[in-house]
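Sequence order for the protein chains is A and B.
Using the UniProt record's numbering, read the first sequence as starting at 1 and increasing by one per residue.
Using the UniProt record's numbering, read the second sequence as starting at 1 and increasing by one per residue.
Please keep in mind that the hints were generated in silico from the structure rather than gathered at the bench.
One or more hints might be untrue.
Copies of the same chain look alike in the list, so a pair counts if it fits in one copy or across any two.
To be verified - Under the rule of at most 27 Å between Cα atoms (straight-line distance), these lysine-lysine pairs were calculated in the BS3-like manner:
#, residue 1, residue 2
1, Lys-46, Lys-6
2, Lys-132, Lys-242
3, Lys-219, Lys-6
4, Lys-137, Lys-204
5, Lys-132, Lys-220
6, Lys-46, Lys-204
7, Lys-204, Lys-132
8, Lys-242, Lys-137
9, Lys-46, Lys-219
10, Lys-220, Lys-6
11, Lys-134, Lys-219
12, Lys-137, Lys-46
13, Lys-46, Lys-242
14, Lys-220, Lys-46
15, Lys-134, Lys-204
Protein chains: 2
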Amino acid sequence: MFSEEKVTATYWVETPHSLHTAAAVMAAEQSTGTFVAVPGETDEVKRRSAANIESITPLEIVRTPSLPGSRPPHNHDGSYYRGEVVLSFPYHNMGPSIPNLLATVAGNLFELRELSGLRLIDLELPPSFSSKYKGPKFGTAGTRDLVGVHGRPIIGTIIKPSIGLTIDELRPLVRTLALSGLDFIKDDELNANPLFVPFEQKVKAVMEEIERAADATGKKVMYAFNITGDIDELRRNHDWVKQSGGTCVMVSINSIGFSGLAELNRYSELPIHGHRNGFGYWTRYPALGMAFAPYQKLCRLAGADHLHVNALNGKFYESNESVIRSVQALQAPLLGGYDAMPVLSSGQSAATAAETFRLLRTCDLMNIAGGGIMAHPDGVEAGVASMLEAWEAAVQGIPVDEYARSRPALRRALEAFGEKGA
Amino acid sequence: MFSEEKVTATYWVETPHSLHTAAAVMAAEQSTGTFVAVPGETDEVKRRSAANIESITPLEIVRTPSLPGSRPPHNHDGSYYRGEVVLSFPYHNMGPSIPNLLATVAGNLFELRELSGLRLIDLELPPSFSSKYKGPKFGTAGTRDLVGVHGRPIIGTIIKPSIGLTIDELRPLVRTLALSGLDFIKDDELNANPLFVPFEQKVKAVMEEIERAADATGKKVMYAFNITGDIDELRRNHDWVKQSGGTCVMVSINSIGFSGLAELNRYSELPIHGHRNGFGYWTRYPALGMAFAPYQKLCRLAGADHLHVNALNGKFYESNESVIRSVQALQAPLLGGYDAMPVLSSGQSAATAAETFRLLRTCDLMNIAGGGIMAHPDGVEAGVASMLEAWEAAVQGIPVDEYARSRPALRRALEAFGEKGA
Numbered sequence: 001m002f003s004e005e006k007v008t009a010t011y012w013v014e015t016p017h018s019l020h021t022a023a024a025v026m027a028a029e030q031s032t033g034t035f036v037a038v039p040g041e042t043d044e045v046k047r048r049s050a051a052n053i054e055s056i057t058p059l060e061i062v063r064t065p066s067l068p069g070s071r072p073p074h075n076h077d078g079s080y081y082r083g084e085v086v087l088s089f090p091y092h093n094m095g096p097s098i099p100n101l102l103a104t105v106a107g108n109l110f111e112l113r114e115l116s117g118l119r120l121i122d123l124e125l126p127p128s129f130s131s132k133y134k135g136p137k138f139g140t141a142g143t144r145d146l147v148g149v150h151g152r153p154i155i156g157t158i159i160k161p162s163i164g165l166t167i168d169e170l171r172p173l174v175r176t177l178a179l180s181g182l183d184f185i186k187d188d189e190l191n192a193n194p195l196f197v198p199f200e201q202k203v204k205a206v207m208e209e210i211e212r213a214a215d216a217t218g219k220k221v222m223y224a225f226n227i228t229g230d231i232d233e234l235r236r237n238h239d240w241v242k243q244s245g246g247t248c249v250m251v252s253i254n255s256i257g258f259s260g261l262a263e264l265n266r267y268s269e270l271p272i273h274g275h276r277n278g279f280g281y282w283t284r285y286p287a288l289g290m291a292f293a294p295y296q297k298l299c300r301l302a303g304a305d306h307l308h309v310n311a312l313n314g315k316f317y318e319s320n321e322s323v324i325r326s327v328q329a330l331q332a333p334l335l336g337g338y339d340a341m342p343v344l345s346s347g348q349s350a351a352t353a354a355e356t357f358r359l360l361r362t363c364d365l366m367n368i369a370g371g372g373i374m375a376h377p378d379g380v381e382a383g384v385a386s387m388l389e390a391w392e393a394a395v396q397g398i399p400v401d402e403y404a405r406s407r408p409a410l411r412r413a414l415e416a417f418g419e420k421g422a
Numbered sequence: 001m002f003s004e005e006k007v008t009a010t011y012w013v014e015t016p017h018s019l020h021t022a023a024a025v026m027a028a029e030q031s032t033g034t035f036v037a038v039p040g041e042t043d044e045v046k047r048r049s050a051a052n053i054e055s056i057t058p059l060e061i062v063r064t065p066s067l068p069g070s071r072p073p074h075n076h077d078g079s080y081y082r083g084e085v086v087l088s089f090p091y092h093n094m095g096p097s098i099p100n101l102l103a104t105v106a107g108n109l110f111e112l113r114e115l116s117g118l119r120l121i122d123l124e125l126p127p128s129f130s131s132k133y134k135g136p137k138f139g140t141a142g143t144r145d146l147v148g149v150h151g152r153p154i155i156g157t158i159i160k161p162s163i164g165l166t167i168d169e170l171r172p173l174v175r176t177l178a179l180s181g182l183d184f185i186k187d188d189e190l191n192a193n194p195l196f197v198p199f200e201q202k203v204k205a206v207m208e209e210i211e212r213a214a215d216a217t218g219k220k221v222m223y224a225f226n227i228t229g230d231i232d233e234l235r236r237n238h239d240w241v242k243q244s245g246g247t248c249v250m251v252s253i254n255s256i257g258f259s260g261l262a263e264l265n266r267y268s269e270l271p272i273h274g275h276r277n278g279f280g281y282w283t284r285y286p287a288l289g290m291a292f293a294p295y296q297k298l299c300r301l302a303g304a305d306h307l308h309v310n311a312l313n314g315k316f317y318e319s320n321e322s323v324i325r326s327v328q329a330l331q332a333p334l335l336g337g338y339d340a341m342p343v344l345s346s347g348q349s350a351a352t353a354a355e356t357f358r359l360l361r362t363c364d365l366m367n368i369a370g371g372g373i374m375a376h377p378d379g380v381e382a383g384v385a386s387m388l389e390a391w392e393a394a395v396q397g398i399p400v401d402e403y404a405r406s407r408p409a410l411r412r413a414l415e416a417f418g419e420k421g422a
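The task is simple: from the sequences and hints, build the whole structure.
Now the structure itself:
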């Protein structure tokens with residue numbers, strides 16, 4: 001009933017007040033307080049449920065607020081104080097519930113006028129959260145076993161064009177990819193259930209091609225079917241993929257919410273490929289929202305077996321340093337487990353493999369190239385070969401240009417994508 | 001199978017490129033294109049599924065990018081171009097699916113390095129969305145009927161302290177409130193299912209107090225039980241509230257996602273009180289995320305009967321102008337209906353009623369005062385009386401100070417909250 005366990009949230013804060021005032025307002029607003037004292041907020045209630053300021057670490061002082069709408073104190077000298085504030089919340093206030101955790105650590109407090117910047121940068125959860133959330137059922141080891149790939153990243157592609165192919169146009173593409181020796185194929189996040197591609201027929205067609213190719217090559221490619229949809233559709237589509245012989249489902253996590261993901265995880269029998277599209281609105285402005293460190297913990301807790309992290313030298317705004325931090329955060333144990341695979345995707349090709357391995361020093365990755373495979377000048381098979389060869393070179397420590405001399409697919413990929421990739 | 005219907009999304013954009021380049025990248029990235037041309041992107045595929053640039057309206061030019069990570073062109077002169085870009089997407093790309101709509105209009109594009117600012121400011125949905133999403137089952141009229149209040153706002157309060165009361169402490173508070181003539185009570189968003197307040201026992205205790213008060217007064221107060229939780233808990237808790245005689249459930253929309261809300265709406269038999277806590281991370285920085293205009297459409301589509309809009313002269317950062325726009329957006333018909341009640345809450349008291357009515361000119365509101373009722377110097381009954389009296393004065397056009405002369409509850413409220421409220 002009552003618990004000694006705590007949830008600990010670390011915030012980057014900016015405020016025209018003192019950091020202590022800001023931290024006190026945050027703690028009160030997100031637990032027992034409101035804008036005036038109320039009679040029922042007794043010492044007993046506070047002891048039971050108040051948030052606690054664990055630490056305050058001052059950072060720089062700036063002259064311009066990062067967010068609009070903050071209200072400075074009357075004697076304000078124009079300074080905005082930045083710092084890291086660590087708050088703890090009694091676990092028994094919310095219990096093992098991601099939705100209620102969010103209302104506590106990432107709810108109304110972004111709107112406080114005492115703050116001119118607020119970002120949740122880390123989150124420590126008590127072990128009791130694992131009583132409700134069992135986490136990924138496959139993770140790295142389970143996915144590797146299903147794909148049959150060890151000692152190197154799982155190499156994959158995205159069906160391109162992202163959206164617009166009919167089933168008749170999709171079939172030959174899947175066939176070619178499945179015969180090429182590729183490990184993994186995924187739908188684009190834009191392509192889940194278009195009206196002109198009935199989901200059940202698509203899964204049937206794709207799996208026919210995959211099984212036929214597997215009969216020929218001995219290798220069954222993993223296809224992540226995008227089942228993103230409303231709650232009832234998740235179940236129906238997961239079950240259809242499973243009974244059709246598919247080995248992976250994909251969801252846009254921000255489209256279905258952490259609770260949609262947790263619901264899928266409850267009954268899923270396949271690895272869940274988690275796409276983070278939309279995470280930019282949460283994270284791109286450094287003075288607002290949520291960093292990847294807490295976000296990925298919630299994704300793993302809710303059951304993502306694979307999680308997108310953008311990519312090194314990718315096509316998006318994110319710096320390589322930030323992507324490296326994301327991969328490291330994702331590979332650190334969470335409550336002793338919750339292992340999930342980082343998915344490097346966006347602007348990837350054979351030209352990006354060497355630097356990816358040099359900077360990350362791990363092969364426990366999925367490396368997904370859409371255009372980098374589909375648009376290889378010698379075709380899709382050459383695109384796949386170039387990715388595999390580029391990773392062979394990287395893992396063996398052989399300079400990619402040297403390795404490419406006797407390998408035309410790799411050489412042509414470097415010529416085609418070298419500048420775009422780097 | 002194929003449809004002529006379109007989804008139209010309006011964005012505020014900032015870019016170091018030309019607005020046309022930015023719009024073209026957005027349209028390509030979110031439909032048939034990727035970072036290189038791929039063989040399958042035929043004219044036929046484009047005709048079927050490409051997004052279209054409907055209009056580009058230039059705004060000002062600035063010298064500093066609003067978001068980090070944009071990559072200017074080689075010949076960049078230091079200008080960042082702002083403008084409104086309207087894109088349309090073929091409806092058949094996603095069908096009637098809020099999750100897949102989100103991946104399309106609010107997915108990866110926030111991360112594009114061609115942009116230094118991106119905000120979704122409006123969204124027009126085709127009528128076919130209503131084939132899947134039936135919307136609020138109660139709305140304004142249904143809620144008014146259940147509460148028995150017409151011709152003035154529904155006046156409510158929030159159980160305070162927000163979190164920490166045991167059932168034994170909650171009972172007398174509910175009793176007092178229910179006997180006071182109040183229309184509506186809600187749980188705080190922090191208080192859904194704490195370990196020390198088993199949900200079923202709480203509902204039972206609260207409803208006992210409410211029914212007993214209703215027997216005495218003839219008026220049954222509506223209590224919005226916060227059922228926020230994972231998908232399985234939503235159903236169980238909704239059903240328990242319903243069978244216990246409760247008349248409203250509340251959810252934190254961003255905690256359960258639009259698809260969690262839509263799932264609840266599918267089977268709910270009670271009005272759904274939608275709390276928007278956390279919306280600040282989506283909206284507070286003007287150059288990122290989503291404005292309230294599209295957000296509230298998604299909430300209504302997914303089935304919110306009531307929706308929080310902050311409040312005039314509230315305790316949060318938002319300007320009155322912005323709150324007024326929110327209320328007006330929420331009261332404009334969506335696809336010919338989807339009527340939902342705006343909920344004005346945060347820092348409210350008898351002192352805020354007059355200006356609220358002066359600025360909004362509507363009574364189709366819920367006006368919720370937590371501290372403004374609970375912390376009234378003469379107690380909760382006086383707090384309730386002061387709110388009702390303040391609205392009587394406002395609707396009749398009588399200056400509140402004049403009206404307060406013969407009404408001590410109102411007078412004392414103005415003394416206590418006048419400065420804080422205004």
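Quick rundown of the hints versus the structure:
1. Lys-46 to Lys-6: within (15 Å within a copy, 53 Å between copies)
2. Lys-132 to Lys-242: Classified as both: same-chain Cα gap 24 Å, cross-chain 25 Å, threshold 27 Å.
3. Lys-219 to Lys-6: Neither way: Lys-219 and Lys-6 sit 47 Å apart in one copy and 41 Å across, limit 27 Å.
4. Lys-137 to Lys-204: For Lys-137 and Lys-204, only the intra-copy Cα distance (25 Å) is at most 27 Å; the inter-copy one is 38 Å.
5. Lys-132 to Lys-220: Answer is neither: 34 Å inside a copy and 36 Å across each miss the 27 Å cutoff.
6. Lys-46 to Lys-204: Classified as between: cross-chain Cα gap 25 Å, same-chain 58 Å, threshold 27 Å.
7. Lys-204 to Lys-132: between (34 Å within a copy, 25 Å between copies)
8. Lys-242 to Lys-137: within (15 Å within a copy, 35 Å between copies)
9. Lys-46 to Lys-219: Answer is neither; intra-copy 60 Å and inter-copy 33 Å both fail.
10. Lys-220 to Lys-6: neither (45 Å within a copy, 38 Å between copies)
11. Lys-134 to Lys-219: neither (30 Å within a copy, 46 Å between copies)
12. Lys-137 to Lys-46: neither (39 Å within a copy, 39 Å between copies)
13. Lys-46 to Lys-242: Neither way: Lys-46 and Lys-242 sit 50 Å apart in one copy and 32 Å across, limit 27 Å.
14. Lys-220 to Lys-46: neither (58 Å within a copy, 31 Å between copies)
15. Lys-134 to Lys-204: So Lys-134 and Lys-204 fail the 27 Å test inside a copy (30 Å) and across (31 Å) alike.
Of the numbered hints listed earlier, those contradicted by the structure are 3, 5, 9, 10, 11, 12, 13, 14, 15.
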